[in-house]
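Trainee: Read off the chains here:
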Amino acid sequence: MYLSIIFLPLMGSILSGLFGRFLTPKGAAFITILGMSLACLISVALFFEVGLSGSPCYIKLSPWLDCEMFDACWGFYFDSLTVSMCFTVTLISTLVHLYSTSYMSHDPHQPRFMAYLSLFTFFMLMLITADNFIQLFLGWEGVGLCSYLLINFWFTRLQANKAAIKAMVINRVGDVGLALGVFSIFVVFKTCDYSVVFSLVPHVVGITYNFLGFEVDAISAIGLLLFVGAVGKSAQIGLHTWLPDAMEGPTPVSALIHAATMVTAGVYLIIRCSPLYEYSGIALTVITVFGALTAFIAGTIGLVQNDLKKVIAYSTCSQLGYMVFACGLSNYSVSMFHLINHAYFKALLFLSAGSVIHALNDEQDMRRMGGLLQVLPYTYVMILIGSLALMGFPFLTGFYSKDVILEIAYAKYSLHGTFAHWLGVLSAGITAFYSFRLIYLTFISNPNGFKNAIQNAHDAPLPMAIPLFILCIGSLFVGYLTKDLFIGLGTPFWNNAIFIAPENLVMIDAEFIPTYIKWLPVIVSLFGAVSSMLVFHFLKNFLFEVCIKPFGRSVYIFLNRRWLFDRLQNDLIGSVILKLGYNTTYKLVDKGVIEVFGPKGLSFLTITFSKQISSLQSGLVHQYAFIMFIGVTLFMTKLLVWPLFATLIDINLYFIIMAALMFTNYFVIKLS
Amino acid sequence: MFDFILSWLILIPFIGILIILGIPKTQISAIKLCAFVTSLIAFVYSLFLFVLFDNSTSKFQFLEYLEWLPSLNLHLFIGVDGISVFFILLSTFLISVCILTSWNSVVKYEKEYYICFLSMGALLIFVFSVLDVLVFYIFFESILIPMFFVIGIWGSRTRKIKAAYQFFLYTLIGSVLMLLAIFLIYFEAGTTDFQLLLNVPFSEKKQIILWLAFFASFAVKVPMVPFHIWLPEAHVEAPTAGSVILAGILLKMGTYGLVRFSLCLFPDGSVYFTPLVYLMSIIAVVYTSITTLRQIDLKKIIAYSSVAHMGFVTIGIFSLNLQGIEGSILIMLSHGFVSSALFLCIGVLYDRHHTRMIKYYTGIAQVMPLYTLFFLFFSVANLGFPGMSSFSGEFLTLVGAFSSNTLVTFIACLGMILSAAYSLWLCNRILFGQLKIHYISNYIDMNKREVAVLFPLVICTLWMGIYPEIFLDVMHVSVSNILEII
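Taken in sequence, the protein lines are chains C and E.
For the first sequence, our numbering gives the first residue as 1, with consecutive numbering after it.
For the second sequence, our numbering gives the first residue as 1, with consecutive numbering after it.
Incorrect hints may have been included.
Unchecked claim - Label-pair ranges, simulated between beta-carbon atoms:
hint, chain 1, residue 1, chain 2, residue 2, range
1, E, Lys25, C, Ser62, 48 to 58 Å
2, E, Tyr467, C, Phe30, 28 to 38 Å
3, C, Thr208, E, Tyr65, 46 to 56 Å
4, E, Asp473, C, Ile508, 45 to 55 Å
5, E, Asp473, C, Pro492, 41 to 51 Å
6, C, Arg367, E, Glu469, 35 to 45 Å
Said to hold, decoys possible - Subject to a maximum C-alpha distance of 25 Å in a straight line, what follows is the list of computed DSS-like cross-link-like pairs (lysine-lysine):
hint, chain 1, residue 1, chain 2, residue 2
7, E, Lys448, E, Lys111
8, E, Lys162, C, Lys600
9, C, Lys587, C, Lys600
10, E, Lys359, C, Lys162
11, C, Lys591, E, Lys436
12, E, Lys359, C, Lys579
13, E, Lys162, C, Lys611
14, E, Lys359, C, Lys587
15, C, Lys591, E, Lys162
16, C, Lys591, C, Lys579
17, E, Lys162, C, Lys587
18, E, Lys436, C, Lys162
Hints in this document: simulated from the structure, not taken from any laboratory.
Quick caveat: nothing in here was measured; it's all calculated off a predicted structure.
Just so it is clear, CB atoms sit at the ideal spot from N, CA and C, and this is done for glycine as well.
Kindly generate the complete structure, drawing on both the sequences and the hints.
Mentor: In structure tokens, the structure reads:
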């Protein structure tokens with residue numbers, strides 16, 4: 001049972017991917033959905049058995065890479081953390097599969113699409129259930145690959161091609177960090193097994209090892225390197241640029257991969273490594289700062305995006321920032337809780353956005369929407385609920401996790417805690433603002449789209465409506481229902497899956513912070529929501545006036561160009577490497593220096609020398625006689641006069657003189 | 001049947017050659033069939049080598065001995081250990097793949113072509129099993145002859161003559177130094193028998209000189225930057241099967257030599273020169289990866305990426321620990337599968353459209369789905385995707401290297417990013433995008449023979465990625481033995 005949850009999706013993927021031609025699109029969809037829903041049911045059972053009944057399970061299949069001390073196994077480990085993730089992943093994945101049958105129904109490559117989705121789920125489950133870092137790496141790379149394939153699904157589009165490469169390459173940067181982290185773990189702990197590593201952490205506190213020539217603290221260095229991996233995968237600031245571009249993929253993909261599951265892998269890694277991070281204050285501080293900055297910066301960019309999906313993408317990025325800084329503040333359970341909640345409402349938002357896009361014949365620009373309230377009431381309700389849950393409206397799902405994160409940040413009473421708190425509160429307002437901007441521009445404002453499109457628009461058909469409804473229920477109630485289970489004070493749910501050092505525990509302090517601080521997030525987000533509606537409804541012209549003033553314009557452009565992150569990456573890294581690759585390494589060195597000192601130069605020298613030497617044989621008797629005369633003279637000199645000079649002249653010098661004479665001789669001949 | 005398994009392995013191709021010589025030139029299909037069957041028999045027979053191999057000992061097995069020049073104390077000694085057995089398997093395997101893949105693409109001098117490949121098969125088994133330095137040198141060089149013909153006669157363009165010369169001279173110049181070194185060894189020790197030499201202590205100064213001389217030869221063969229430029233040239237001009245052999249096995253002769261001779265015979269020299277090798281390797285990894293990004297010729301891309309992968313191999317070998325060396329042997333084998341498969345894939349396109357320029361191919365996923373599947377699979381394997389063969393090797397290598405030098409590993413890891421960049425870029429350029437029908441108007445997907453050629457490689461790649469234990473188990477003891485010498 002434990003393994004079938006992982007291999008059912010793989011089976012579905014193989015069947016529908018390789019034999020989709022014989023299965024027909026319907027058959028492929030049926031098989032993959034069957035596999036996924038079975039996996040989902042099993043994961044419910046697992047959640048009960050492992051999570052609620054508290055019996056972790058450990059399966060070791062066979063050795064994988066076994067070399068001296070390095071022992072990577074095919075092993076699976078199920079604890080509360082794993083099963084919580086498993087349930088979320090399989091549920092969302094099943095719903096997205098179902099949704100795709102309708103969304104992709106006109107696509108000739110539907111079996112391939114379903115196969116990719118199932119393959120992705122397989123790798124994601126592999127990532128979650130791994131019992132060592134190497135297998136985690138397999139899942140990690142696997143989801144990256146599937147993300148590449150899925151972004152690139154409509155492969156004739158240039159933008160999709162570019163976005164897919166970008167996603168994979170930037171992820172690869174993070175992967176290198178993760179790989180280096182794993183190497184460091186091996187060097188320090190001599191194993192890659194979770195259980196061994198985590199139980200050994202207290203014993204290696206203060207141990208240093210040599211990294212790039214510096215003696216660094218082992219745990220901090222490992223923590224930071226693993227975090228680089230998380231930065232790549234979870235789109236934290238610096239390596240986040242691939243996520244908005246990844247919206248080129250079909251919308252179900254965005255919902256499954258770029259909102260609910262894959263991007264949370266980085267957060268999962270940090271939570272999984274909590275026993276390690278707890279011993280490194282530096283790593284935790286860095287994580288907090290990165291998370292808070294991501295939450296804020298992504299939010300501000302989201303304010304001015306015009307693409308429906310990109311707004312939601314930046315909102316995802318921002319929410320991932322929340323999860324990450326919650327980890328940085330040692331509240332892994334809260335972060336996990338937010339991760340699960342976020343999966344529901346963000347999948348809901350994306351799938352509803354997909355419904356809008358589907359209805360409008362693949363129109364994604366919000367400036368060409370508007371007035372859809374009458375046309376797509378069901379979708380509108382879904383997006384509204386999703387947005388409210390996202391902005392943390394009281395008693396909806398997002399409220400229970402987001403508010404706790406902010407309270408904890410405040411209750412930390414440290415520099416980075418307060419930094420995270422204020423940026424977090426600010427971002428909460430921003431989140432509400434752009435969420436309602438999205439709703440206003442899409443549904444409420446005057447219709448700006450083509451008449452034809454709006455006339456033919458239809459609300460979500462049943463296979464699309466059912467997933468939306470289930471996710472909507474999740475967005476409404478999951479937070480309320482599971483709060484005590486996941487983050488209640490003294491909950492036994494997590495067992496040993498999460499470790500929080502006693503001195504880092506602030507859950508109780510969070511109960512004693514001033515009341516206005518507790519209210520602040522809600523007030524700020526409500527203010528953001530209301531002001532957004534007001535500004536876009538009444539002050540639209542004023543907003544325009546501001547945006548064309550020099551200052552307003554520069555701010556607008558700065559935000560619209562995403563804080564110039566892409567520009568920096570392209571100009572400073574991408575184009576430099578490409579230029580280097582052609583001008584320097586290929587043209588200058590490969591075809592230049594090495595050629596000249598290698599084959600070309602050698603053949604040139606050989607030819608010229610042989611020509612010159614052959615010209616010595618001129619066939620003129622007087623020249624030959626002259627050479628002979630010189631030669632004999634030298635010989636005689638050697639024989640007769642040499643003893644006189646022997647003490648004065650070095651033997652080596654004699655050869656030089658000989659050679660010099662030969663050359664003079666040669667030039668004499670040439671001149672003649 | 002299994003008494004003289006190595007001799008038989010060497011004899012089988014020669015018997016095949018004799019039969020082919022007897023077949024008249026016009027009976028092309030008989031020649032092809034004979035060549036293929038011979039190579040297949042050799043491959044199946046070589047599997048017994050693997051099955052009968054005793055992996056609990058580091059001694060050379062299946063030893064055979066032939067007195068050659070007793071007056072000079074030179075003998076023909078062959079045998080295999082846990083390292084060379086794989087290379088013999090790889091050779092016999094790739095020779096049959098090569099013969100099958102050139103079924104329709106070779107249209108002139110077929111008889112000579114297949115004789116060249118069969119003789120190469122026999123010589124390769126010699127190279128990887130011979131236990132005498134001088135005889136190794138002889139066979140190491142003799143591979144050049146059939147390969148020279150393959151590039152020069154069945155190559156694609158007029159530039160092939162230049163490429164063949166370059167290939168020949170580069171390797172030969174490197175090897176001359178090795179020959180001198182072997183003479184030095186012979187005069188010092190009075191023998192060139194590898195097993196005896198293991199017990200001859202060379203002074204440190206001599207080791208340094210000898211190591212350098214051997215290294216000159218191997219570095220050209222590997223090839224390491226800056227001795228690499230013959231490789232893209234030779235690959236581009238060689239026919240598909242030639243490229244497969246070149247990338248699949250000939251490059252491994254260099255790294256095999258490094259493991260077998262440089263490390264074992266000159267341990268002090270190896271330790272002394274480790275920084276040099278590291279430097280050259282990381283330059284190779286980064287430099288060639290960057291160069292690959294801007295190539296426009298399909299074969300050149302794979303050729304340059306081969307150089308990068310061989311950079312990983314040399315890093316692994318000179319990390320001088322078990323993970324590093326075993327990892328690098330795995331990379332060698334996996335590179336034998338993956339890059340050969342990529343060359344075969346390119347061969348598929350070349351056979352149909354006779355061009356290797358990227359710009360003529362775009363969006364062929366629409367018309368050649370099967371081909372796309374294979375190409376994507378091997379590209380992904382090429383970038384070191386976990387669960388595929390390259391990853392097993394690359395990861396072990398880097399783990400080993402990290403234990404000995406973090407900076408080198410860090411820079412080598414940049415190669416991981418760049419390999420993703422160029423592999424995916426290549427995929428996207430030729431597989432995805434809008435189909436260009438104004439250059440090439442009719443596309444045909446892969447036929448059964450081509451699938452049959454590539455499918456075993458898929459199996460090998462996955463097998464080695466998912467369960468490399470089978471390979472690792474065999475080499476553990478032998479590699480540990482090498483480390484003990486150091």
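Trainee: All the hints need checking, so say for each whether the structure fits it.
Mentor: Each hint tested on the structure:
| no. | hint | in the structure |
| --- | --- | --- |
| 1 | E/Lys25 to C/Ser62: 48 to 58 Å | 53 Å, holds |
| 2 | E/Tyr467 to C/Phe30: 28 to 38 Å | 32 Å, holds |
| 3 | C/Thr208 to E/Tyr65: 46 to 56 Å | 54 Å, holds |
| 4 | E/Asp473 to C/Ile508: 45 to 55 Å | 54 Å, holds |
| 5 | E/Asp473 to C/Pro492: 41 to 51 Å | 44 Å, holds |
| 6 | C/Arg367 to E/Glu469: 35 to 45 Å | 58 Å, violated |
| 7 | E/Lys448 to E/Lys111 | 24 Å, holds |
| 8 | E/Lys162 to C/Lys600 | 11 Å, holds |
| 9 | C/Lys587 to C/Lys600 | 15 Å, holds |
| 10 | E/Lys359 to C/Lys162 | 17 Å, holds |
| 11 | C/Lys591 to E/Lys436 | 31 Å, violated |
| 12 | E/Lys359 to C/Lys579 | 19 Å, holds |
| 13 | E/Lys162 to C/Lys611 | 21 Å, holds |
| 14 | E/Lys359 to C/Lys587 | 20 Å, holds |
| 15 | C/Lys591 to E/Lys162 | 15 Å, holds |
| 16 | C/Lys591 to C/Lys579 | 15 Å, holds |
| 17 | E/Lys162 to C/Lys587 | 19 Å, holds |
| 18 | E/Lys436 to C/Lys162 | 18 Å, holds |
The earlier numbered hints that this structure contradicts are 6 and 11.
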